[in-house]
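Q: Residue numbers (the numbering used here), protein chains in the order written: chain A, 70 to 331; chain B, 20 to 275.
Where hints are given, some of them may not hold.
[Stated by the list, open to error] Derived, one-sided and incomplete: chain B residues facing chain A with beta-carbon distance under 8 angstroms:
{"hint": "1", "residue": "V61"}
{"hint": "2", "residue": "T70"}
{"hint": "3", "residue": "Y131"}
{"hint": "4", "residue": "A135"}
{"hint": "5", "residue": "Y193"}
{"hint": "6", "residue": "G270"}
[What the hints assert, rightly or not] Taking CB as the label site, the calculated pair distances span:
{"hint": "7", "chain 1": "B", "residue 1": "R267", "chain 2": "A", "residue 2": "L206", "range": "49 to 57 angstroms"}
{"hint": "8", "chain 1": "B", "residue 1": "F181", "chain 2": "A", "residue 2": "A159", "range": "54 to 62 angstroms"}
{"hint": "9", "chain 1": "A", "residue 1": "A207", "chain 2": "B", "residue 2": "P239", "range": "53 to 61 angstroms"}
{"hint": "10", "chain 1": "B", "residue 1": "I161", "chain 2": "A", "residue 2": "G120", "range": "52 to 60 angstroms"}
Hints in this document: simulated from the structure, not taken from any laboratory. All values reported here derive from a predicted model rather than from experimental measurement. Even for Gly, the Cβ is constructed at its ideal location relative to N, Cα and C.
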Amino acid sequence: MIVAARIFVVGGLTSFRALFYWLTPWIYVPTMLIAPIFQILLFAYIGRSAGLESDEFYLIGNALQYAAIPCLFAMAQMVGGERYQNTLSAILVSPAPRIPLFFGRSLPVVINGAFVAAFSLLVGALVLGVHLPASSLAPLLLIVLIAAFSCTGLGLVNAAASLRIRENAVLSNVIFGFLLIFTGANVPLDSLPDWMGTVAQGLPFTHAIKAAREVAAGASLGDVRGLLGAELLVGAIYGVAGYALLRWFEVLGRRYATLERS
Amino acid sequence: MSSLRLLAVSWYLQFKMILRSPFDGIGNVLYPLFFATTALFVFRAGHSPRTLIYASLGAAVMGMWSAVSTSAGSAMQRERWWGTLELLVAAPRHFSLVMLPATLGLATVGVYNLTATLLWGRFVFGIPLTITHPLLFALSIIGTALSFGGLGLLFAVSFVRFRAAWVLGNFFEYPVWLICGFLVPLALLPGWVRPISWVLAPTWGMNAIRESALGGTPLPDLLLCLALGLGYVGAAVLVTDRVLYDARGRGTLSLT
Chain A
70 MIVAARIFVV GGLTSFRALF YWLTPWIYVP TMLIAPIFQI LLFAYIGRSA GLESDEFYLI
130 GNALQYAAIP CLFAMAQMVG GERYQNTLSA ILVSPAPRIP LFFGRSLPVV INGAFVAAFS
190 LLVGALVLGV HLPASSLAPL LLIVLIAAFS CTGLGLVNAA ASLRIRENAV LSNVIFGFLL
250 IFTGANVPLD SLPDWMGTVA QGLPFTHAIK AAREVAAGAS LGDVRGLLGA ELLVGAIYGV
310 AGYALLRWFE VLGRRYATLE RS
Chain B
20 MSSLRLLAVS WYLQFKMILR SPFDGIGNVL YPLFFATTAL FVFRAGHSPR TLIYASLGAA
80 VMGMWSAVST SAGSAMQRER WWGTLELLVA APRHFSLVML PATLGLATVG VYNLTATLLW
140 GRFVFGIPLT ITHPLLFALS IIGTALSFGG LGLLFAVSFV RFRAAWVLGN FFEYPVWLIC
200 GFLVPLALLP GWVRPISWVL APTWGMNAIR ESALGGTPLP DLLLCLALGL GYVGAAVLVT
260 DRVLYDARGR GTLSLT
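Next up, chain A with everything else stripped away, as it sits in the complex:
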């Protein structure tokens, strides 16, 4: 139990710190802190130009959805980075229990994803002059955390795919693009074709974005508990699926000697 906890906490933190070996402030600040503000501004102005929805709609949608960048890329890097540094085999040959090994690496990603989304939300609100009631800030923080958890679940699937696919940056961008369209971050779900609205129900962010918009409009956490439960469930399903895929692809990688394929 203690070993598992140590692998979960120390292994996760060490892996995340290793990410910052290359994710220096020169990279972190433009990609994680400035780019989301421009994405918010871009869609807020497109919304004004198209005469659709308010600045608040795009602010909340894009701030939350941008958490996909840290969550998807960091999780893919969990595999890609280890492979690049020739440590993937050493990790996967170790007898360490896999649940704390993989999920320990996910926890710092959730926290970072939530930080990026919360920062984007606050700075975006200041830039656009959107008023978020003080009473909504704590609930919004919780929603942001749940959204980051949910997307990190999908990130785990992305990490598993990285065991089989070389171009995990392209794959992460493609998933990010799907989330941009489908989750209602910029297009109201009732304006999308029905099948897209249905698909959206099974994606991270859809329920969290809706909950955040309702909370910003004055709803309480209790009023959106159903949405938050759905978001947590979506994240948990992706997390379990991602873990199962990681184990399966790990077995395949050993069998066909393809772990280091890069």
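For chain A, the structure is supplied; the task is to place chain B on it using the hints.
A: Coordinates of chain B only, in the frame set by chain A:
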């Protein structure tokens, strides 16, 4: 004449390499398409007098810009990773003449992006592709691609001292989408933004493409776009000389 041959052969080589790169040849084509799709959904659901063809053209040029901005910033960085930067710098040709084909190759992929986005709009969103001045439309696309190549070259040589040059290239993707009038009319932006838009060739390239497609007078915009593109190339040559002189003096070309 030999300079033109160098440009043509290098452009072809770079273009073939880009097409075989999953990130540049596939990722850079798909990624802006997601933004284009989102924007087209927003415009379709909105209540603006601006038509979907307006949005479709803007989204198409967004894709064109993405192809250049994301990878041009790191064009020299790639040569450094491949270990060919020193060889190219030591070659008897001016270094900017060697780098320009790389960014022109990216701009060529941008033309493919533009075409793909217009066809995507036509077949998925049913946006009619009626071009009022076909010849001027084609010239506007070529002129815009050339000026994008020039701006990409300026990025490439300006960022060479930064290890994280690729981030700077990415960084300029959203701002140019926003302030060059691709999907948002300049009149909607704060007044202080407009002078910045005016010195960016994408603003005039977008105008030229839109005017030639929807009917108007694209020639002045096209000429401004080309003039700015030439200006970027001139500035890039000066920056290249300065940067290489400095890097040689300090022995920092490889940044290792």
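Q: Each hint should be assessed against the structure and marked as holding or not.
A: Structure-based check of all given hints:
1. V61: 5 angstroms, holds
2. T70: 11 angstroms, violated
3. Y131: 16 angstroms, violated
4. A135: It is violated, given that the least Cβ distance between B/A135 and chain A is near 14 angstroms, above 8 angstroms.
5. Y193: 4 angstroms, holds
6. G270: 22 angstroms, violated
7. B/R267 <-> A/L206: 49 to 57 angstroms: 54 angstroms, holds
8. B/F181 <-> A/A159: 54 to 62 angstroms: 32 angstroms, violated
9. A/A207 <-> B/P239: 53 to 61 angstroms: 55 angstroms, holds
10. B/I161 <-> A/G120: 52 to 60 angstroms: Violated - the Cβ-Cβ distance for B/I161 and A/G120, about 34 angstroms, lies outside 52 to 60 angstroms.
Of the numbered hints given earlier, the model fails hints 2, 3, 4, 6, 8 and 10; all others are met.
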